[in-house]
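Those protein sequence lines, which keep their order, are chains Z and U. Going by my numbering, the first sequence opens with residue 1487, and the numbers climb by one from there. Going by my numbering, the second sequence opens with residue 39, and the numbers climb by one from there.
Hints in this document: simulated from the structure, not taken from any laboratory. Among the clues, some could well be false.
Not everything, but these chain Z residues come out facing chain U in the computed CB check (under 8 angstroms) [stated by the list, open to error]:
{"no.": "1", "residue": "ALA1571"}
{"no.": "2", "residue": "ASN1654"}
{"no.": "3", "residue": "SER1683"}
{"no.": "4", "residue": "TYR1692"}
For glycine and all other residues, C-beta sits at the position ideal for the given N, C-alpha and C.
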Amino acid sequence: MRILSPIDNLSEVGALVEAGADELYGGFVSPGWVKKYSLLGSANQRYFSSAQFATEDDLASAVKAAHDLSASFFLTLNAPCYTPAQYDDLLIEIRRYMGMGVDAFIVADVGLMLRVRDALPGAALHLSALSSVFNSATAELLGGLGITRMVLPRELTLNEVTRLLKSNPNVLFDAFVMVGKCPNIEGFCTFTHNSPSLVWPCEERYDISVVKGGPEAVEIAGCQSLWSTVNRRQACGLCAIPALEKAGVYALKLVGRGGPTKMKVRAIRAVKDAVKMASERVDGDGYRAACRSVYRDVYGSDCNIHICCYPELGALRG
Amino acid sequence: MESALYITSVKDFKKVGPDDSRVYFGAEFCQWRTPGAAGALGAFRRAADMGLGFTLLTPWVTDAGMVKLRRVFDALAGVSEGSGLPVEVVVNDLGVLSVLNEKYPVLSPLLGRLMVRQKRCPRIPGLIDSMPESGREIYLGAGVNDPLTAGFFKGMGVHRVELDAPLQGLSVDLAKAGLKGTVYTPYAYVTTTRHCPASFDGHMWQSFTGCRLKGCLHNVIRLVNPAHDAPLLMRGNTQFVDGGPLPEGLEAMGIDRVVRMPDIP
């Protein structure tokens, strides 16, 4: 399985590839775009500057540097939707990015997929997790639009992943394994993610009260408040790697655009180590224990089922 | 302007008002809340007896959820063909739309609130004033308002789209896209999860595989944050805001149906 890592600037290329990334994905919002639409109208699903390449030259150099190290580079254009004027601007920009050698564009919007398919048939499109491929029929439909690779949503069980992949043998699928678990379903979430503190509405502390219901509602409120007590940036699915490999997952995807390079490198190394352990056929319990140890090394704390990418496995730790 | 009542239980047929000509029945956000074939048929017959149009609400589904939904579609397609009474289905999943289009042409799909690509965060009203006009458009409209996107969905049998009136306002031109629109009031959808806090005691992730408590049926919580322009209201796995009164000029936007929600769905 390949390892797909986020990247935010040229200086990260060497460190990420050396750590084990086979593929890189990042974002860029051109100065012209920011002037016209602002970063709140971002061309991708990140609304803060640290998650974007700073300049187009930086982006072009990063694509070349990645290729020089035999790594692929994908550009995220996965805003949930665009205005007509934004579509026109995007097609012009995508031509430029193709000229740089960008290997594929990660997209989420049907309107953009249709336009790129018609106007730029040479552009490879990968489907963002925002497209919510929860079932085989969705994968089949979007595959019919020329999408050959799809990121699975975070909320599928391993059994569901296995079934979905089996039904769609002509599509490559990526699965999340490290960093960045969303409490809500990303493709259906309409919260804005632009707070200067980088704390999102799903993880903020709320004053929660009961509108309707009795003691059960109080328990529900307590349960919901858990999201402000866990660090969703410390999500992990290492334990699931053998099952994901068996299911036929093509690439293991790490989250963390806008995060520190050191953290990205640690996460890649952790995934690389786990893939190696999985290939060495360590038994299930032993493998999971080793993954928990890797997790402690990466994050400095024990793993937590609330931020487990595949919680049905996390529950096995008792 | 057509008026429809949104209900999640047949007991709520008693809430049908004199102006309502249709009921929306089912579940938009959770496959564990989806009525079975018998429940959907019962609601359809009750609506028919009361002279009301019938629209089934459906959620996003996994492959297992699709199997259950297809049983419901089989049943409704049968009675619709037998009775000549049309049945609409609100779809919130591309795969469900694909299945309806291929297998159930007698059922009319409507594009649901999870599919129309509107931005609805309660922070938005405080943010967009600082945006340039051309950027603000993305926060007031809906992705499905794009004629090319609309054409894709029309090719799959969709001729009506289901919208919210979010706090920051609404600006669409559905006629230009060749679509008709519905607006829901007063609760605008914001976000949904598969980690349902009302499904299992303290183990939200277990709602990936089922629901034991069904705490959504009787409980609603409010989440208040000073950074938001309105509190979030949460039932089961889904959060809403009270969007307040509907905006002016709905007809000019191509909206000719209002869905009343007497309670948080």
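Hint check:
1. With 8 angstroms as the threshold, the beta carbon of Z/ALA1571 comes within range of chain U, its nearest partner Cβ sitting at about 6 angstroms, so the hint holds.
2. Among the interface hints, the one on Z/ASN1654 is violated; its C-beta lies about 11 angstroms from the nearest C-beta in chain U, farther than the 8 angstroms criterion.
3. For Z/SER1683, the interface hint is violated, the least distance from its beta-carbon to any beta-carbon of chain U being 10 angstroms, above 8 angstroms.
4. The interface hint given for Z/TYR1692 is met, as the beta carbon of that residue sits about 4 angstroms from the closest beta carbon of chain U, less than 8 angstroms.
Consistency note: the structure conflicts with the earlier hints numbered 2, 3.
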